[in-house]
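J.: Hey, can you work out the whole structure from these sequences and the hints?
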Amino acid sequence: GESVGLHLPTLSVQEGDNSIINCAYSNSASDYFIWYKQESGKGPQFIIDIRSNMDKRQGQRVTVLLNKTVKHLSLQIAATQPGDSAVYFCAENPPTNDYKLSFGAGTTVTVRA
Amino acid sequence: NAGVTQTPKFQVLKTGQSMTLQCAQDMNHNSMYWYRQDPGMGLRLIYYSASEGTTDKGEVPNGYNVSRLNKREFSLRLESAAPSQTSVYFCASSVHREGEQYFGPGTRLTVT
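Chains as they are written, first to last, in my numbering: chain A, 1 to 113; chain B, 114 to 225.
Honestly, I wouldn't trust all of these hints.
[To be verified] In silico SDA-like pairs for lysine to any residue, Cα to Cα no more than 20 Å straight-line:
no.	chain 1	residue 1	chain 2	residue 2
1	B	K122	B	V201
2	A	K56	B	E213
3	B	K184	B	D151
4	A	K100	B	E165
5	A	K42	B	K127
6	A	K71	A	I50
7	A	K42	B	P121
8	A	K42	B	K170
9	A	K71	A	R51
10	A	K71	A	A113
11	B	K122	A	Q45
12	A	K100	B	A163
13	A	K56	A	K42
14	B	K127	B	S197
15	A	K42	B	E165
16	B	K170	A	F103
17	A	K42	A	T110
18	A	K68	A	I20
19	A	K100	B	D151
20	A	K42	B	L222
21	A	K71	A	S28
Bear in mind the hints are in silico, worked out from the structure with no lab data behind them.
T.: Have a look at this one:
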């Protein structure tokens, strides 16, 4: 399953499939980006980060891709599991904002059994 | 380590009442933050403290005050609560101003 565009708030994925969550960021000078996962009733939890001098970074079952040309960030989750159901936020760190993270609205991912 | 803790977990206030939300971290982090989260919106920064002894306004500071009591504790005060302040409030901390922020479990505040 894949979310497209900045404003698509939900993504439904079949268990075992790969998920792609997209995010468009606003400031071309942003130099640091983070993906967070927020489960219902809990605070956001760090997933993975990437600096602007990189195009790709891999973690455990997750990959973040950064396309600075079009100011686009994506999070890929391999072999999606029921525990991946959550809201996913991207955040950018614009240097002009004194390192205050700016968060997107989030994408709700629902995993179908 | 407990990480970031917040009290209370839930609170209901009447318009005009005041209250303080407490936050503490045991990770020896320098920077601390207060966010609010409203339905359909991302986290919005209210105030932050880059280091002990300093505080700065974020995106939505009106109606709030903060105190960085010491390195561990960062409190958020609502002097005269308004229904528009109904939200979920999250405290976060990070080693420095840049980098991963660790979040607390949140306080759900309702102002009637």
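J.: With reference to the structure, classify each hint as holding or not holding.
T.: Structure-based check of all given hints:
1. Only pairs whose Cα atoms come within 20 Å are accepted, and B/K122 paired with B/V201 is accepted, the gap being roughly 10 Å.
2. Distance restraint check for A/K56 and B/E213: the Cα-Cα separation of roughly 18 Å lies within the 20 Å cut-off, and the hinted pair is therefore satisfied.
3. Distance check on the hinted pair: B/K184 and B/D151 sit about 28 Å apart at the alpha-carbon level, beyond 20 Å; violated.
4. Using a Cα cut-off of 20 Å, the hinted pair A/K100 and B/E165 holds, with the two alpha carbons roughly 16 Å apart.
5. At roughly 25 Å between alpha-carbon atoms, A/K42 and B/K127 are farther apart than 20 Å, so this suggested pair is violated.
6. This hinted pair checks out: A/K71 and A/I50 have alpha carbons roughly 13 Å apart, not beyond 20 Å.
7. Straight-line distance between C-alpha atoms of A/K42 and B/P121 comes to about 14 Å, which keeps the hinted pair within the 20 Å bound.
8. For a cut-off of 20 Å, the pair hint linking A/K42 to B/K170 is broken: about 25 Å separates their Cα positions.
9. About 13 Å separates the Cα atoms of A/K71 and A/R51, which keeps this hinted pair within 20 Å; it holds.
10. The straight-line distance between the Cα atoms of A/K71 and A/A113 is roughly 33 Å, outside the 20 Å bound, and the hint therefore fails.
11. Annotation: proposed proximity of B/K122 to A/Q45 holds, straight-line Cα distance about 18 Å (limit 20 Å).
12. Between A/K100 and B/A163 the alpha-carbon distance is near 10 Å, which keeps this suggested pair within the 20 Å criterion.
13. As the CA atoms of A/K56 and A/K42 are separated by approximately 28 Å, the hinted pair breaks the 20 Å bound.
14. Simply put, B/K127 and B/S197 have alpha-carbon atoms about 12 Å apart, close enough for the 20 Å limit, and the pair holds.
15. Annotation: proposed proximity of A/K42 to B/E165 is violated, straight-line Cα distance about 27 Å (limit 20 Å).
16. Among the hinted pairs, B/K170 with A/F103 is consistent with the structure: their alpha-carbon atoms are about 16 Å apart, no more than 20 Å.
17. The suggested pairing of A/K42 with A/T110 holds, with an alpha-carbon distance near 16 Å, which does not exceed 20 Å.
18. Our distance criterion of 20 Å between C-alpha atoms is met by A/K68 and A/I20, whose separation comes to about 18 Å.
19. For the hint linking A/K100 to B/D151, the alpha-carbon distance of about 19 Å falls within 20 Å, and the restraint holds.
20. A threshold of 20 Å between alpha carbons decides the hint, and for A/K42 with B/L222 the separation of about 15 Å falls inside it, so the pair holds.
21. With a C-alpha separation of about 7 Å, the suggested pair A/K71 and A/S28 falls inside the 20 Å cut-off, and the hint holds.
The structure fails hints 3, 5, 8, 10, 13 and 15 (numbered hints given earlier, in ascending order).
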